[in-house]
Amino acid sequence: MAMDEAGGAPGAAKKFLYVNRKAPYGTIYALESLEVVLIGAAFEQDVQLAFLDDGVYQIVKNQSTDAIGAKNFSPTYKALGDYEVTKLYVEAEALEERGLTADDLMEITFEDEDDDWAEKPSINIVSRADMAKIMSEQDVILSF
Amino acid sequence: MAYDFNGATIEADEEGYLVDLSVWNPDLAVLIAEDEKIVMNDEHWEVVNFLREYYDEYQIAPAIRVLVKAMKKKFGGDKGSNKYLYELFPYGPAKQACKIAGLPKPTGCV
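Going down the list, the sequences are from chains A and C.
According to our numbering, the first sequence is numbered sequentially starting from 1.
According to our numbering, the second sequence is numbered sequentially starting from 1.
None of these hints come from the bench; they were simulated from the model.
Built from N, CA and C at the ideal position, the CB exists for glycine as well.
Each hint should be verified, as a subset may be incorrect.
EDC-like mimics (lysine to aspartate or glutamate), calculated; alpha carbons at most 16 Å apart, straight line [to be verified]: (1) C:K105 x A:E35; (2) C:K37 x C:E87; (3) A:K15 x A:D103; (4) A:K78 x C:D56.
What the simulated footprint calls covered on chain C by chain A, stretch by stretch (three residues with Cβ under 8 Å from a Cβ of chain A suffice, anywhere in the stretch; the number is not a length) [what the hints assert, rightly or not]: (5) 5-12; (6) 66-78.
The shape of chain C in the complex, shown without the other chains (with noise of 0.2 Å):
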């Protein structure tokens, strides 16, 4: 599949993950995440951002429970659980927080 962004097309794969990492930007995360039904919020960017910033260290996108851990570490036990990670991602928040932060989907998901 592919994203229309302002008229250009952003090549992603069959499941809406970026094919270029390199070419996301904050509006076409906002695209990406219309495509997925959500509406990006402060809470939805700091998970984002985290994403982003762990995959800038490690070089993966986190599974569901690294991300979980991780999360609680850095923001708390309100953030750090599966309940809020699921209310702003109904889809799995690994998986649609790592395709609108442009990364590949996690190892580990199949």
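Just chain A, same shape as in the assembly (with noise of 0.2 Å):
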């Protein structure tokens, strides 16, 4: 059965946050790395995500893999909004130094329930610092 389908576990939800530093293809880490988020998002724990180093790659829009034969899965990031993922913190400085800008990334939104599903960008660029103090603030980290 879907693991969501056995209900929460009792307790608050721990926050989670998942480090992506590589390439969205070459290795199997990006995807895997997506999929997991997908699984404990259906636990509804606290998850977000943070992209750095060459994991900014992996939100880069106009995504195409049609040369190596490598499903792309760069749509599936925009239905993290749809698993109530909603805060996806890109390192600045990462951005920066492979000459990409806020422009590059793909359009990633969710619908906050709060404010009458309004659609708002989950997509928060952050420097090295924040991110740094976002890492503290976390129960779980876990890196790919």
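Once you've looked at the hints, go ahead and assemble the two chains, each given alone in its own frame, into the complex.
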């Protein structure tokens, strides 16, 4: 059966941060991370994502995998809002070091239940220093 | 396992999910449904077609909670409920409907 059909665990949800550091294709890390995120979200935990280093390439827009024969799973990041994963932190320095800006990233949004389902951006670009602070506030950090 | 479809053998995994998603067609869906003891009606098709659209857009089969929420948004509260979906697909809406829709097992299903 679906794991989320088992009901939420007793006690408060823990804060999970999934740290993504690798390019989307060539290794399985990015896809595995995304799948674990979706499973974790189905358990109704408080799930957040961080994108550092080459991990920022995972959410770059207009990806095409035709030439490498791999599945382009980038559209799945846009489903994260449906899974109530609404906080994606992207490190500003990592973007800058790769010549990328916020405009190079996919539009990933969520509908805010507490604000009449207004559509809001899920991506937050934060400095390296703020990223360290975000990490220090987590219960569980999983690195991919 | 495999489905015998008009004399052709359609490959499926041990739980009955299609191995090659591209071979799916509505007649094959009816056959898979029969295997699940489901006679497809308009309500079943609405869910199956919705799942296929969701997969087309996001490249995943949604978990049940997500399906319920998305159905509610599109079709209203009567259809966006666990009860409604379980009545249509008694052995788990996400699981059975995804199988009939020719999609992989929803992420988060064990």
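Now for the hints, and whether the structure bears them out:
With a C-alpha separation of about 12 Å, the suggested pairing of K105 (chain C) with E35 (chain A) holds against the 16 Å cut-off. Restraint check for K37 (chain C) and E87 (chain C): the C-alpha separation of about 13 Å stays at or below 16 Å, so the hint holds. Distance hint between K15 (chain A) and D103 (chain A) is unfulfilled; the C-alpha atoms sit about 29 Å from each other, more than 16 Å. Of the pairs offered as hints, the one joining K78 (chain A) and D56 (chain C) holds, with about 12 Å between alpha carbons and a cut-off of 16 Å not exceeded.
Counting residues of the region 5-12 of chain C whose beta carbon lies closer than 8 Å to any beta carbon of chain A gives 0, which falls below the threshold of three, so the coverage claim is violated. A stretch counts as covered by a chain when three or more of its residues have a beta carbon under 8 Å from one of that chain; for the region 66-78 of chain C and chain A the count is 3, and the coverage holds.
Figure legend: structure checked against the earlier numbered hints; hints not met, in rising order: 3 and 5.
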